[in-house]
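**Q** If you want the building blocks of each chain, they are given just below.
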Amino acid sequence: MDIEMKQVRNTLIVKLKGELDMQVADKLRKELDKKLENEKIENLIINLGKVTFIDSSGLGVIIGRYKKVSSRKGKMYIVGANPSVEKILVFCGINKLVPIYGSEQDIINI
Amino acid sequence: MSIKNYVRLEFQSLPENVSFARSCVGSFASQIDCTLEEIEEIKLVVSEAVSNSIIHGYDNRTNEKIFVMVTIADDRCLEIMVEDRGKGIADVKQAMEPTYSSDETRMGLGFTFMKSFMDDMEVISSPGEGTIVKMRRTFMSHEKEAYA
Ligand SMILES: Nc1ncnc2c1ncn2[C@@H]1O[C@H](COP(=O)(O)OP(=O)(O)O)[C@@H](O)[C@H]1O
Ligand SMILES: [Mg+2]
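Going line by line, the protein sequences match chains A and B. In this text, residue positions in the first sequence follow numbering that gives the first Met the number 0: the first is 0, and each later residue adds one. In this text, residue positions in the second sequence follow numbering that gives the first Met the number 0: the first is 0, and each later residue adds one.
Hints are not guaranteed to be accurate.
Said to hold, decoys possible - In silico lysine-lysine, BS3-like type, Cα no more than 27 Å apart, as pairs:
#, chain 1, residue 1, chain 2, residue 2
1, A, 33, A, 49
2, A, 26, B, 92
3, A, 86, B, 114
To be verified - Quick partial rundown of chain A residues pointing at chain B, CB under 7 Å, derived from the structure:
#, residue
4, 21
5, 22
6, 104
These aren't lab readings, by the way, just hints derived from the structure by calculation. Remember, it's a predicted structure, so these values are computed and weren't measured experimentally. Even glycine gets a Cβ: it sits at the ideal position worked out from N, Cα and C.
Chain A with its partners taken away, still in its complex shape (with noise of 0.2 Å):
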């Protein structure tokens, strides 16, 4: 799994490369939350677009986050996924708690 962060504004962005399971999770887990205590950040940007698989064990650190960010007020967002991995978001129910779009560009255009 290849994590890359980028901060503008307040907003963490991150992509991710590889497939999430259990093997990466916790590496994941640690290295958000890191940046989301550390730096004056309030929403987050998960781009998923070179994510080939993803189960339980990456579900769980979507939520996980997004409890943290919502609970500062904060808006998260998932963008560039794939459809059998949308398909298994869209089956747990994140998107409704998490809006899913095509791309970053289309959440500056909102």
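Based on the hints, put chain B with the ligands in the right spot on chain A.
**A** Chain B with the ligands in isolation, oriented as in the chain A frame:
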């Protein structure tokens, strides 16, 4: 039910073997002419069952054994069995309830995915005796253009 093909895996309870196991089963299952979408569903249920063996069955100990047996039967039926010799489950009915988890940081969706994406699932487990998860799914016949 005459068996058409089978594969048996035995591997160490290491996190990196979760992706190994699901890829193996996924590519074995592709001998059935099912869609790529169906293969992704197979990989998901294997990932959930094997992760459970490592996380819950063995409390993340990495020097234990996990067994996976996959069978393709004549009637386009795929049967997957995932077995550990870990701590077992006291209340299987409760464990299988959607969103139930014995670990509050987890989602409790593993068994729900297995039930949803397979035709049937059976859990054989008791405390101290390990856990066997058996799942079965029969695939519809697809035309080759389903791959296009
Ligand atoms: N192989 C196993 N060995 C022991 N306990 C298990 C095993 N598989 C599942 N369980 C129990 O069943 C519960 C539900 O499993 P699951 O639906 O995958 O959710 P989660 O993994 O998120 O806890 C687990 O929290 C655990 O208590
Ligand atoms: Mg699980």
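**Q** If a hint holds in the structure, say so; if it does not, say that too.
**A** How the hints compare with the structure:
no. : hint           : verdict
1   : A:33 <-> A:49  : 23 Å, holds
2   : A:26 <-> B:92  : 32 Å, violated
3   : A:86 <-> B:114 : 16 Å, holds
4   : 21             : 5 Å, holds
5   : 22             : 4 Å, holds
6   : 104            : 27 Å, violated
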